[in-house]
Amino acid sequence: MVALGPAPAPRRSAQRTWLWGALLAVPTAWMVAFFVISMVIVVLLPFGRTTNDGFPVFSTSLDNYRALWNDVYLELFVRSVLYALATVVLSALIAYPTAYAIALHGGRYKNALIAAVVVPFFASYLIRMYAWKALLSDDGLVNSGLRGSGLGDGIAFLNTPWAVIGGLVYGFVVFMILPIYASLERLDVSLVEAGKDLYHGPVRTFFSVTLPATRYGLYGGALLVFLPALGDFVSAQLLGGAGTYMMGNLVQQQFNEGQNWPLGSAMTVGMMAALTALMVAYLRATSTQARET
Amino acid sequence: MTATTTASKPLSRAGTPSVSLRGLTKVFGGTTVVDHLDLDVAGGEFFSLLGPSGCGKTTTLRMIAGFSDPTDGSVLVGGEDVTSTPPHKRDVNTVFQSYALFEHLDVRGNVGFGLRRKGLDRRTLDRRVSEMLELVELADKGREKPSRLSGGQRQRVALARALINEPKVLLLDEPLAALDLQLRHAMQAELKALQREVGITFLFVTHDQDEALSMSDRVAIMNNGVLEQCGTPEDVYERPTSVFAAGFIGTSNLMSGVWSHGSVVVAPSVAIPAPAHHGSAEGDTVSVAVRPEKIWLGDHTDEMFRLPGTIEATTYHGATTRYRVAIAPGLALTVLEQNLPRMRAEDRWDPGDRVEVGWLPEHTVVLT
Amino acid sequence: MPRRSLERRPRTAVAVTVLLFAWLYLPILAVTLFSFNDKKSLSAFSGFSLRWYHDLAHDQALLESLVASLQIATLATLGSLVLGTMLALGLERVRSRRGRVIGAVTLLPLVTPEIVTGVAALLLFTGIGLKLSLTTVVLAEITFSIAYVTVIVRGRLAGLSTEVEEAARDLGCTPWQALRLVTLPALVPALLGAGLLVFALVFDDFVLAFFTTGVDPQPLPVRVYSSIRFGVSPAINAIGTLMLLVSALLIVAALVLLRLFGRGTSSLELITGGERR
Amino acid sequence: MTPAPGHDHPRCTRRGLLTGGLAVGASLSLPGCAYIRDDAPTDTPPPPSAKAEIDGDLVYFNWADYLAPSVLKGFQKEYGVRVIESNYDSMEGMYAKLAAGNRYDIVFPIAKWVQRLRKEGKLRAIEPDELQNADQVFYSGSYFNDPWYDEGSQVSVPFTVYKTGIGWRTDKVSSMTGSWEDLWNEEARGRVFTLDDQDEALAMAALLLGYDVNTSKPSELEEIKKLLISQKQYLRAYSSDDINNMVAGDAWVHHMWSGDFLYLRQGLAEDPDAFDFEAPREGVPINSDAYAIPTDAEHPGTAMVFIDYLLRPENAIKNMNYLYYPFPVRDALPAFAELADAVPACNVEVSDLENENVFRLLGSDEVQRRAAVWTEVKAS
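Protein chains in written order, with our numbering: chain A, 1 to 293; chain B, 1 to 368; chain C, 1 to 277; chain D, 1 to 380.
Keep in mind that a hint or two might mislead.
Calculated lysine to any residue pairs in the SDA-like style (CA-CA distance at most 20 Å, straight line) [unchecked claim]:
id: 1; chain 1: A; residue 1: Lys110; chain 2: A; residue 2: Ile94
id: 2; chain 1: C; residue 1: Lys39; chain 2: D; residue 2: Tyr322
id: 3; chain 1: C; residue 1: Lys39; chain 2: C; residue 2: His54
id: 4; chain 1: D; residue 1: Lys73; chain 2: C; residue 2: Val164
id: 5; chain 1: D; residue 1: Lys225; chain 2: A; residue 2: Asn52
id: 6; chain 1: B; residue 1: Lys192; chain 2: B; residue 2: Asp217
id: 7; chain 1: D; residue 1: Lys119; chain 2: A; residue 2: Ile94
id: 8; chain 1: D; residue 1: Lys77; chain 2: C; residue 2: His54
id: 9; chain 1: C; residue 1: Lys39; chain 2: A; residue 2: Leu141
Not everything, but these chain A residues come out facing chain C in the computed CB check (under 10 Å) [what the hints assert, rightly or not]:
id: 10; residue: Ala25
id: 11; residue: Val26
id: 12; residue: Ile41
id: 13; residue: Leu45
id: 14; residue: Tyr100
id: 15; residue: Arg128
id: 16; residue: Tyr130
id: 17; residue: Ala131
id: 18; residue: Val173
id: 19; residue: Leu223
id: 20; residue: Ala229
id: 21; residue: Met272
Think of the hints as simulated: they come from the structure by calculation, not from any bench. For glycine and all other residues, C-beta sits at the position ideal for the given N, C-alpha and C.
Produce the entire structure from the sequences given, and follow the hints as far as they go.
In structure tokens:
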């Protein structure tokens, strides 16, 4: 899915030596030690319990996995998925026009513009969120501006579902912009021009030529936004309200205040299971579509 | 295979062969790419492996260089079996098709790379590099990065980088393929001159028959992993021994027929007299080939074999004119005529003209 | 050949782009502006002052967090460069089913939400009795960053002819020497780009650091997070401005480097992981 | 700092995991594998007190920004040591870091956590005779000579005291009733905040229902859960950033800590009269924080010196003027009464501590039942 980078088979095979095997062995051992084994622990710990003094220990209890099957959690799970989906849709609505404008109308400033889009995303997410929190608060700069210009009595932006989703879009929209931009970059402009002759009008051309030609960028972006959005806990923590808890918050709470690591691990596993199921469904859908066209 | 018999015939310049291949075989995932190849290349020889792409010539070269392990058979360099020797210990060097220059080093760094590996002292190294650059006429480019050089210059750097190690054999993998036509012709001449000057055995891989014929002392024609024919350029051109060799080098009028009373019957009305061919018996199906430029449309002599025909098409090619002459239903010959000074446009034949084609019997080559 | 642009400007698209830029840069401007404010307010600028930078310079804990984050980012960058490059070379050269499985596993961290990776790392380190500290943060960050390096280096390797390495071996190099003298120098631009990217990512990473940090001075983002939840010292504005500056410089440097040298990978593929076809 | 090559863990871990995951009820004890162990022993006597003398830099573990920087700076200057600071954002987080084996010289637990840490043998004794300023807190008749959380005051020295109540905007809300029901105030609907803190939130509901703040009875917890969920329609968010929520205008009514309110009103607000605080009549949770030295502290001597330094009345006053929390240091208390003069509800008298609304140490089962309720409240 997020298969990275081109990896064509080499034209010829190099003569076999121990060197390549050794090169592969060290990082593989690392990944097994620090990633694979850690994931196994995550799956096994839910069978455990917490001791009197608050230590998680292995055991054979099913309670923690069973605890996941709870109306409140299921509702929260649905809510998280909805937020993540809304994030994907909003990101696409913002990212596509932006990528389009830069890729096809950016001229010689194209690279500078796309760099300008990317740069903020590597500059402290937390600080930017906190700045927004201050700017959007009821007495903040934005609301003062609204009141000052006579545009009503100000808006309670913060602590709403939309604030959380806005925070998620803000955090991850770049992962939507870049793949779309990349696919627009590869788009053959003459196709669009031909489309204009054929379909008349830029709108119909867009929907019958440009959009289909760049759909893989859109798919890739959707996945790259959905995954981190579903696991995020910072946005709901900083911008959310009383009813905007997400799965990430739930997990984080078990590990920090809840002091119930086995339950937290069970929630983590639940989250991964949900993600895997959604990913499989998504892959099925996109590959079927790819085959049909 | 007929090739094996011709390939290993004793060499006039003799001595130990520079490169010997014995039953060399390479199988890739069930496909035999090189099939029991036997070959000897003499010291100081300019030897070409010629064949269409995918015929196994590059694989053969890579097995000689050591980049690829033979499935079977052995490679000898200077009489020594190097089949299981890693590339860096083989006394051969390669000029790659892409040149494979080291972009992070300048020209001198590239050329001196091999010698530095051998641990030569600085002064000797500098002198040898300068000499080599002199030889390939790049003395003033020593400090340039390869990316700033033209195609021809890059090619010469690649050559210098390999030659400076004075290998027993220099392997060249289509080194001229990336150059444009004019430059390629110039480089062919230079390469040949260079080879004479340094006296190193060149094993040259190409799919370009002109290149192979004009530069080589000997040419081996490969097809589907086997040697079709091996000999001097004249041998392989004038006396091809297989249908493939005749078809691949130059153009030939190839006709198949049945051997009958010293002639090959290629059509009910056409029996072409042919020299006796060993191993063929009365009634066998054989092929005959005649080069288009050997066929005359007039000025025949008595020794020539002659046939009536009709001009089907005339194509003007500048230095030559090419005719298609029908000699029987469904059977036409290509004839190439020089446009000599005395000829004018109206002297050419036009479609529909009735003509007589003729050639000397020794120009009829029988193939099996 | 320069690509032609379409003549007519789509006004909606341009408008959305302008809004996006405002959205992205407004808070950055606010943070920067109010870091020079002489009062503790984020809504009214009352006068220019360097007092928060002065506070920052004397806030030992915050400075130690800054140093800790720089150390973490440096070590994680070096570690993931070494391991990621080894992995890329190994995957590129060992072409077997086993190699493909390994390749897929190493990319998993890229599609795993960070909170999962963080929880897993916490459980592992606690389970093996490794005390949470800057070391554990570095270990977790390396594990997370290897995939980025591998993706970028593989992109560059794919664009690199295998003949170059063969040429080196032909000229007397052992496989190891060929790697060291020829392949690695050719990878330098990709390594620089990957290094800068990983540095910026790790320097700014909160979630993994949050789960794996211990007694040592906390990484800067974790400290910032605590401050945000429990009331902010405006020195955060100052450090925020500095963090923004550092990250922006690093990223611009990485993008420029990759654009100049990274023929195999474009800066985009680097961040998006490229697009499959 | 350097990622250590060749870790010694994998074998142990893998075997540990297999046995841990598969063994039926068997608790195999493999040394080094944290998830396979018996419950820790409890009620061990604390190791003896260290002498108050500098024995290295101070590894300090506290809430962020919970001491006046000038006081910290003064300590470093006076004794020529560095203070290496780490922060936690919850008691559970603090406990987890301690449990994970991190070594700190001084921590600042809330009362019941002192009790827990002491019970688990995680704290070192603090001998008052070692402290020159001990009489500032351990004078004759002082509540702190024998507090409920630390019998005989063996392992802790009092740090701050505070209570939890309701802060509100007088310019926005006029109908406050002096009850916890004010967190259901119709005028402030959608602008009410409840502290994002399990104990405080459950206690507030329990007090309103007339239950013990530490209740873990399932039936009572069920009622508390319903009550808290019913509050959500009035609520804007759960947040412990009470000061900023009030300052930024997002909150009109805020469940908040007395010290935070005082800081907000006296230290930040442009118009102090726009803010007021009440201690609801159903009763309010009273709490205290303490200094404590973990058993495995590397520099307990420096920690003792540090505690002594903070007990100096002039330093307590500096801290109070920075934090707006009262320090029960005898000669500093008048200064605090002055500070809280305008809002007496914020003042905490030591006598307030003789009160049953304190958060007590509960058993693991009880804690988990309460945690489950709190998780459900936040999740729904």
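Given hint Arg128(A) near chain C, where the shortest CB pair must fall under 10 Å:
holds (5 Å)
Practice item. Return the status of the interface hint for Met272(A): holds when the least beta-carbon distance to chain C is below 10 Å, violated otherwise. Key: holds (6 Å)
- Item | Pairwise hint evaluation, Leu141(A) against Lys39(C), where the allowed Cα distance is 20 Å at most | holds (15 Å)
Are Val173(A) and chain C close enough, Cβ to Cβ, to be under 10 Å, as the hint says? holds (8 Å)
Supplied contact hint for Tyr100(A), tested at 10 Å Cβ to chain C
holds (5 Å)
TODO: Verify the interface restraint on Ala229(A): the C-beta must sit less than 10 Å from at least one C-beta of chain C.
DONE: This interface hint holds because 9 Å falls under the 10 Å limit.
Would the hint linking Lys39(C) and His54(C) be met if the CA-CA limit is 20 Å?
Answer holds: Lys39(C) to His54(C) is near 13 Å, not above 20 Å.
### Straight-line alpha-carbon gap Lys192(B) to Asp217(B), limit 20 Å
This hinted pair holds, its Cα atoms lying about 10 Å apart.
Run the distance test for Lys39(C) versus Tyr322(D): straight-line Cα separation, threshold 20 Å. With Cα atoms ~17 Å apart, Lys39(C) and Tyr322(D) stay inside 20 Å; holds.
ask   = Are the Cα positions of Lys119(D) and Ile94(A) separated by 20 Å at most?
value = violated (56 Å)
| message | Does the closest beta carbon of chain C sit nearer than 10 Å to the beta carbon of Tyr130(A)? | response | Holds, because the Cβ-Cβ distance from Tyr130(A) to chain C comes to roughly 5 Å (cut-off 10 Å).
Straight-line Cα separation of Lys225(D) and Asn52(A) no greater than 20 Å? With a Cα-Cα distance of about 24 Å, the restraint between Lys225(D) and Asn52(A) is violated, given a limit of 20 Å.
Hints 4, 5, 7 from the list above are not met by this structure, while the remaining hints are.
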